Amino acid sequence: MALRDAAALAVKELGVAPSSTALTARALRTTLEAIVMQAILDGHYQRHPEARPDLGDLAVAAAEIDGNPLASEPELLRRAAVEIVERHPDASAEEVLLWAEARRASAA
Amino acid sequence: MSQLVLLDNEAVQALSDPMHPKHRRVLSHAQVVANRKQRATEIGLAVPTAVRVEAGWDRTAPSWSFTNGLRITDVSLDPAAANVAAVIRNDTGVSVPDAHLGAVIQSAPADRITVLTSDPEDMRRVAGDAAVTIVKI
Chain A
1 MALRDAAALA
11 VKELGVAPSS
21 TALTARALRT
31 TLEAIVMQAI
41 LDGHYQRHPE
51 ARPDLGDLAV
61 AAAEIDGNPL
71 ASEPELLRRA
81 AVEIVERHPD
91 ASAEEVLLWA
101 EARRASAA
Chain B
1 MSQLVLLDNE
11 AVQALSDPMH
21 PKHRRVLSHA
31 QVVANRKQRA
41 TEIGLAVPTA
51 VRVEAGWDRT
61 APSWSFTNGL
71 RITDVSLDPA
81 AANVAAVIRN
91 DTGVSVPDAH
101 LGAVIQSAPA
111 DRITVLTSDP
121 EDMRRVAGDA
131 AVTIVKI
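In order, the protein sequence lines correspond to chains A and B.
The numbers in our numbering rise by one with no breaks, and the one at position 89 of the first sequence is 89.
The numbers in our numbering rise by one with no breaks, and the one at position 25 of the second sequence is 25.
Looking at chain A on its own, in the form it has when it is part of the complex (with noise of 0.2 Å):
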């Protein structure tokens, strides 16, 4: 109940989409696309263990898609990814994104 009542509120007044349903169906959507696509990634995986992309190939990824400067450094970002894991083993690529970027804003 709460989580359609809130759903319902970010319609009126965020106006994120143009109904409570469109913006389930949409979001049960993003999740069945997500939840196809990985499955296809990881078979594809299995056949092909040398296509897998590590942290810092997802690293580098991420910053070229959203345009981030510390694209045009990636092995500051690869470095990230290795030092990141070794605490936090299930970091993502926006996290090795923050942790390099802290790195660079300390050594400035």
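Don't read these hints as lab results, they were simulated from the structure.
One should not assume that every hint holds.
Straight-line Cα separation of at most 16 Å, EDC-like style, residue types lysine to aspartate or glutamate; simulated pairs [what the hints assert, rightly or not]: (1) B:22 x B:10; (2) B:136 x B:121; (3) B:22 x B:119; (4) B:136 x A:73; (5) B:136 x B:119; (6) B:136 x A:66; (7) B:22 x A:66; (8) B:22 x B:42; (9) B:136 x B:10; (10) B:22 x A:54.
If you want the footprint, here are the derived chain A segments under chain B, 3+ residues with CB under 8 Å [claimed, not checked]: (11) 9–15; (12) 44–50; (13) 55–65.
Predicted, not measured: the structure shown is a model, and the values here were computed from it.
Glycine included, each C-beta is placed from N, C-alpha and C at the ideal position.
Since the structure of chain A is already known, use the hints to place chain B on it.
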């Protein structure tokens, strides 16, 4: 904020062929899109249909099953897009697939557009004044 990641011909080729030297690189971008979808980010991969033709990507062919499974949306060359693409081609002399990419870049409703391409110069030319992030693969 919505994001759209577009593929050019070589990006499609690299993604579809595990032996392609850029396969892992383009796959990294697809994995980032998948990860963001898992966090409910509004993001998607797309390919202009003229690019799909250039790449020889037949969605009914079994050899393209992996690429088909990555939820890469077709962007059709409808009459309005054809007009924009024709202007781009007349002005720049680029190929039809690149002109279609330009039309998509100039008219897609996404808040942020990124294109994965082997030819950044041509992408800059076809993008015109549109804001686009160009990634050289």
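Verification of the supplied hints:
1. B:22 x B:10: holds (9 Å)
2. B:136 x B:121: OK: residue 136 (chain B) and residue 121 (chain B) at ~10 Å, within 16 Å.
3. B:22 x B:119: Since the Cα atoms of residue 22 (chain B) and residue 119 (chain B) sit roughly 14 Å apart, the hinted pair holds (cutoff 16 Å).
4. B:136 x A:73: holds (14 Å)
5. B:136 x B:119: OK: residue 136 (chain B) and residue 119 (chain B) at ~7 Å, within 16 Å.
6. B:136 x A:66: holds (13 Å)
7. B:22 x A:66: violated (20 Å)
8. B:22 x B:42: violated (26 Å)
9. B:136 x B:10: holds (10 Å)
10. B:22 x A:54: Judged against 16 Å, a Cα distance of about 15 Å means the pair holds.
11. 9–15: violated (count 0)
12. 44–50: holds (count 4)
13. 55–65: As far as the stretch 55–65 of chain A goes, the hint holds, because 7 residues have Cβ atoms under 8 Å from chain B.
Going through the hint list in order, the structure does not satisfy hints 7, 8, 11.
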